[in-house]
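K.L.:
Keeping the supplied structure of chain D fixed, place chain V upon it in accordance with the hints.
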Amino acid sequence: MSRIYTPWFLLAVALGLAAIYLFPLYWMYITSLKSGSEIFANPPTFWPTSANIGVFGDVWARRTMPTYLWNSVVIAGGVTAITVVLGTGCAYVLARYRNVWIDVGLFCVLMLQVLPASVMVTPLFVGFNQIGLLNYPRTAVILAAAAKAMPFFVVLVRATFMSVPRELEESALVDGNSRVGAFFSIVLPLARNGILVCAILTFMSAFGEYIYSKSIIQSPVLQPASVGLSGFLGPNSTDWNSIMAYSAIYVTPILVVFVILQRRIVAGLTSGALK
Amino acid sequence: MRFLNALRDGVGFDILLVGAALLFLVALAGLPLVYNVLMSFQQVDMFSLGSLFRPFVGFDNYVAVVRQPEFWLVTRNTLIFVFGSMTGQFVLGFALALFFAQNFPGASTIRGLFLVSWVMPGLVVGGIWSLILAGDYGVLNVILRGLGIIQSNVFWKSDPAFSIWAVIIANIWLGLAFNMLLLSVGLAAIPRDLYEAAALDGANAFQRFWTITLPMMRPTIGAVLSLGLIGTLQQFDLFPALTEGGPANTSNVAGFWSWQLSFQLYDFAKGATVSVMMFLLVLFASVIYVRSTRHEVRG
Numbered sequence: 001m002s003r004i005y006t007p008w009f010l011l012a013v014a015l016g017l018a019a020i021y022l023f024p025l026y027w028m029y030i031t032s033l034k035s036g037s038e039i040f041a042n043p044p045t046f047w048p049t050s051a052n053i054g055v056f057g058d059v060w061a062r063r064t065m066p067t068y069l070w071n072s073v074v075i076a077g078g079v080t081a082i083t084v085v086l087g088t089g090c091a092y093v094l095a096r097y098r099n100v101w102i103d104v105g106l107f108c109v110l111m112l113q114v115l116p117a118s119v120m121v122t123p124l125f126v127g128f129n130q131i132g133l134l135n136y137p138r139t140a141v142i143l144a145a146a147a148k149a150m151p152f153f154v155v156l157v158r159a160t161f162m163s164v165p166r167e168l169e170e171s172a173l174v175d176g177n178s179r180v181g182a183f184f185s186i187v188l189p190l191a192r193n194g195i196l197v198c199a200i201l202t203f204m205s206a207f208g209e210y211i212y213s214k215s216i217i218q219s220p221v222l223q224p225a226s227v228g229l230s231g232f233l234g235p236n237s238t239d240w241n242s243i244m245a246y247s248a249i250y251v252t253p254i255l256v257v258f259v260i261l262q263r264r265i266v267a268g269l270t271s272g273a274l275k
Numbered sequence: 001m002r003f004l005n006a007l008r009d010g011v012g013f014d015i016l017l018v019g020a021a022l023l024f025l026v027a028l029a030g031l032p033l034v035y036n037v038l039m040s041f042q043q044v045d046m047f048s049l050g051s052l053f054r055p056f057v058g059f060d061n062y063v064a065v066v067r068q069p070e071f072w073l074v075t076r077n078t079l080i081f082v083f084g085s086m087t088g089q090f091v092l093g094f095a096l097a098l099f100f101a102q103n104f105p106g107a108s109t110i111r112g113l114f115l116v117s118w119v120m121p122g123l124v125v126g127g128i129w130s131l132i133l134a135g136d137y138g139v140l141n142v143i144l145r146g147l148g149i150i151q152s153n154v155f156w157k158s159d160p161a162f163s164i165w166a167v168i169i170a171n172i173w174l175g176l177a178f179n180m181l182l183l184s185v186g187l188a189a190i191p192r193d194l195y196e197a198a199a200l201d202g203a204n205a206f207q208r209f210w211t212i213t214l215p216m217m218r219p220t221i222g223a224v225l226s227l228g229l230i231g232t233l234q235q236f237d238l239f240p241a242l243t244e245g246g247p248a249n250t251s252n253v254a255g256f257w258s259w260q261l262s263f264q265l266y267d268f269a270k271g272a273t274v275s276v277m278m279f280l281l282v283l284f285a286s287v288i289y290v291r292s293t294r295h296e297v298r299g
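Going down the list, the protein sequences come from chains D and V. Oh and the first sequence: position 270 is 270 in our numbering, straight run, nothing missing. Oh and the second sequence: position 247 is 247 in our numbering, straight run, nothing missing.
Chain D with its partners taken away, still in its complex shape (with noise of 0.2 angstroms):
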């Protein structure tokens, strides 16, 4: 008898663990709704007593919302069409062979992916300095975050491309096309919803960016989201029903998308990261 409700008791613990784990998301939207007092009161409500939506349209104005969230699609944008047009062909080539010069070129990707963007802020901003490139600051933080992002994008989709069967490149081959051609009509397609999953995982991690962009870049009009945030955020921040509605607004709508693609972007994380 008890083994046929074992599945769903373990659905319950599994739904608790999710709401435990899921609680700092819930916090973020309540406390953006509550009262300045309200947010201070002990013990504290877990249900706004009123809630107040006006806040939203007040932060969005206020810290100029509209140009932070601009500039993050704007970097983002550009990490990722440099990320996907470098990336992509680099990943192909390194999935189709298999010899010791490929192995070599995996190597070094692998070991770019580990570098700390912390490590390498230092010399790209006195390097950047130096080439002038400091006077287009949005370029300079997309040309650091693109390499930034590249590797982990060309470990994804090089799993992608290596579940392409060779046999359908191959016989393309052999119908008269040319590699390029195979490329663009057998293997592309073939291999496009990896691409986009992966493209969309490095549009959103590059929306987030932040150190790259504090570092380099110095004007607020240029600035991202995650600048913007940063500049009433720190150790003794008290306004906390404005951070949270920013940061609402802010990852809402990365939520949005991650809840409708969940199940195509783990897929593509589990085939690709660990194999």
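For the record, the hints were derived by calculation from the structure and aren't laboratory data. One or more of the hints may lead you astray.
Derived list of chain D stretches under chain V, where covered just means 3 residues or more per stretch with a C-beta under 8 angstroms from a C-beta of chain V [unchecked claim]:
no., region
1, 5-14
2, 36-42
3, 81-92
4, 100-110
5, 119-125
6, 221-230
7, 252-262
No residue lacks a Cβ here, since even glycine has one placed at the ideal position from N, Cα and C.
P.N.:
Positioned in the frame of chain D, the structure of chain V alone reads:
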């Protein structure tokens, strides 16, 4: 003409594809890395910032960094941060992976939901935890008091004894889901019949875990631990959001310190020196990582 043909049909196409990406990576990751080492042996100040050939000072920067009063504190914090985060992420991630490997409705969907932490901007995660961990109105203190675990409020962010743990807690939350996902993949790859055979032989759940799961998971565990080490060393965004390394550097780690030296004190030579030291640590981690993914590299 032959060149163009090779580009369209031969190995030239492959070299073009791989070459473009590698050239980009060398220019924006390889060169800066070398430049970083160069700078750590030079005297860099606001006047010589724009020139490539600055006065060489040998190991002076390294000596100066080690003599900084906060050097050993930062080293100790870095080690605590790395081991604390990795242990928490791995143990909790493994426990969750084992749990979600059970067969029940919705297991994979609910497991997937955990991954939202992984796509959140680090700064926002830091902000949320900063609110949760606040000393006098933070909700974590209220919950812990309610459960009877603590008697009085813990000032997570401002108490020197706890400040590094505030960042560790947030980092565990951030990295837990990715650990769990990778470990789940490893668990799913273990053949079912091994467990059935062991169950027939009368092995209990603990024995099955110890003699089948752990040995079969060894390559996965190696990769997850080294990825955890790399990910933890890469963590930066939580520090400015939570503690800014304070109070009095009690929660400062190498990555954030290096950034502070360069971008708050404008001492780029010292910043570069600290990041070279940190790079050596990362190199050590990645050697382990590459060794544990060798079977993947060979395909």
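K.L.:
Taking the hints in turn, state whether each one holds.
P.N.:
Against the structure, the hints come out as follows:
1. 5-14: As far as the region 5-14 of chain D goes, the hint holds, because 7 residues have Cβ atoms under 8 angstroms from chain V.
2. 36-42: Held - the region 36-42 of chain D has 4 residues with a Cβ nearer than 8 angstroms to chain V, which meets the minimum of three.
3. 81-92: Per the Cβ count (6), the hint holds.
4. 100-110: holds (count 7)
5. 119-125: holds (count 7)
6. 221-230: holds (count 3)
7. 252-262: holds (count 5)
No hint from the list above goes unmet by this structure.
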